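Visitor: Sequence:
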Amino acid sequence: MTDRIAEPWGARTPYAAGQRWPDRVDTELSDGLGADEVDWTQSAAVLHSNGDGIDIAAHDGRIVGVRGRSVDRVNHGRVDPKDLFGWQANNSPDRLTVPLVRDRGRLVESDWDTAMNRIVSTTQALLRDIGPSAIGFYTSGQLLLEEYYTLAVIAHAGLGTNHIDGNTRLCTATAEWALKETFGCDGQPGSYTDVDHADVIALYGHNVAETQTVLWSRMLDRLAGADPPQLICVDPRETAVAKAATVHLAPVPGTNLALMNGLLHEVIANDWVDHDYVAAHTVGYDELAGCVAPYPPERVARICDVPAGQLRRAAEILGHAQRLLSTVLQGFYQSHQATAAAVQVNNLNLIRGMLGRPGAGILQMNGQPTAQNTRECGANGDLPAFRNWQNDEHVAELARLWNVDPAKIPHYSEHTHAMQMLRFAEQGSLRMLWVSATNPAVSLPELRRIRQILGQSRLFLVVQDIFRTETAELADVVLPAAAWGEKTGTFTNADRTVHLSDKAVDPPGQARPDLDIFCDYAQRMDFCDRDGAPLISWKDPESAFAAWQRCSAGRPCDYTGLSYEKLRGGSGIQWPCDAEHPDGTERLYADGAFFSKPDYCESYGKDLVTGAAIGPTEYRAANTDGKAVLRAAGYTPPHELPGAGELWLTTGRTVYQFHTRTKTGRAPQLNDAAPQVWVELSAADAQRCGIGDGDMAEIRSARGSVYARARVGGIRDGVAFLPFHYGYWDAADGAGHHRAANELTITDWDPVSKQPLFKTSVARIRKRAATDPSGW
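Per my numbering, the very first residue in the sequence shown carries number 13; after that it's consecutive.
These aren't lab readings, by the way, just hints derived from the structure by calculation.
Note that the structure is predicted; figures quoted are calculated from it, not measured.
All clues given are correct.
With a straight-line Cα cutoff of 27 Å, these simulated DSSO-like cross-link-like pairs (lysine-lysine) come out:
{"no.": "1", "residue 1": "Lys551", "residue 2": "Lys420"}
{"no.": "2", "residue 1": "Lys578", "residue 2": "Lys551"}
{"no.": "3", "residue 1": "Lys578", "residue 2": "Lys515"}
{"no.": "4", "residue 1": "Lys515", "residue 2": "Lys551"}
{"no.": "5", "residue 1": "Lys618", "residue 2": "Lys420"}
Go ahead and model the full structure; you've got the sequences and the hints to work with.
Guide: Spelled out as structure tokens, the structure:
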């Protein structure tokens, strides 16, 4: 048996280009139970975005383990370490089991009627006295499709509020917008099976070895087999990906767009361009070529502090690839020109003609298991099924579907993103915020400010979760929710694969599925359509799924060919799945037909530099035929730059923890593997600061300070790294100190995607004094 903590990617099963990835079934069972002594229930992974097909083991009403599903197209039986052990959180003794309400400043146990009536009466009073703009929803990337769609209908058509977003704003909003900018619509063009065929894999800010271990296992198996691909890694840290790479580019944080412009410059200057593909399927090539012309390797080397020779070598590999797979994640997404940089990855594949065939694809990755559902269902504030809020006919379609007046559906502006909602709450115009399955008191930037906003008496805060999180401690009402494995529904991974997750055990105590909670709220609020019938006509997951199918019909994310029966027993299936594609669709745009026609597209795009919306008339004039758009942008420096004695501070993830450790921190194996925050420094920076490996360091920015043990090495000079997972207070050393990376991060966001800038803050670091220091 492989120790999956020591070796998170497991044993190798090498295979060659074009071959099927061999199966390897990973299993973890507790209490000495055998596979024939437990009841197995179909599900999929919930602690990352890969969407691995797994089975849940149950015994005596408790989850006791998991195993991989060998029939599943995503993982062929493999299971990420977080999923191998993270299920133990379901059985944790500190689960929320009854509703809590705030009474004289304290959260006390209550009952469902009291808790829900308090929420309903507050909602009704705000609607009467202020209007729907006083109410907002902030959800997750970890609920189920059926729950997101129900929440979206409640917000859009029940209340009529424009204030709805998900914590996908923190991890995948840029993925969504990079796809909208280039293809007019969300939806990943590529497929995980492209790993099986690619001769070059380029990973841009994508630490796949820690964020999607099963996908990295697939890449490692290709590297171990015949005809291995070449790897290009863009990351300031020396990750496992960087160590395996043919070329590792380690740019200074905040310079990703300059780097991409330099790579595009070289590809165009050397005429490694598929001009036939560009002419047939894209618009904007001349503008792109003109924009990147001033970015030769020497200039880019100065901006990014990357050797010009490495840039040329990477561009040559990209320029000669026959089957190029490009992947992108938070290293690009959480920076000040995030969308602009991610779009250039799309541009590079497009001008090389690398799209829509085996091994040639783009994956603008997600960070959470159901982030794709948040976006496609409209729980991130967009209109459901990738409809365009600027297109009156799209709004009318939804109004007919929901049988409401089109004016009821907010479409006077783009929806309110999470960071703006918090600002409205800070200013007092947003008076009720309903948070479900996320922990913003740890995950949002500048935490001292966030705690002040969430804790103010004029904000009515509802928290719906499975544990009493840092955010729940600030709430007025806490609703106990069922966890993964305790409810039925579907979720969709980063390459559009839809999985069914069946209920394996009952939730503890009075905890209820999120779908039940939302339906209960809708019923108590008496949300009706224009004929007086209930707006939410479904009560169970399968009928909610049917309602979503009706909404998705004819749209890019068409689910009409799917069913619970079809998803049960076999592999997950990629959307669109309809009469034309009854078995799903492995790759989008294989025929060069995009979702970007003016009357069909989800978005007309935005200016990559300013974020200003492009109108329908301008878009139609530039892209009448619905081609892929090659959008360009020049590099500008970040808003905050290091001064003397300061370092770039970048935050990120570790393989053993997920999000804010709500689940993984309660799994002994995962918690023991990474129990405390650390700060990673280069040897040169550590020596300059007088810090040795293992020393306690104080990291301070203009927003606050954090203490963390130092790890020396594995990162470029001038940059410090903190994992973001850890809660904001720790007293393990007897003194007590802040440890959340987001005490330090800046309140700022990308102009297009509105994704916060977790990668480009500035900090000072010093060795902690023997006693608690009182300033610098």
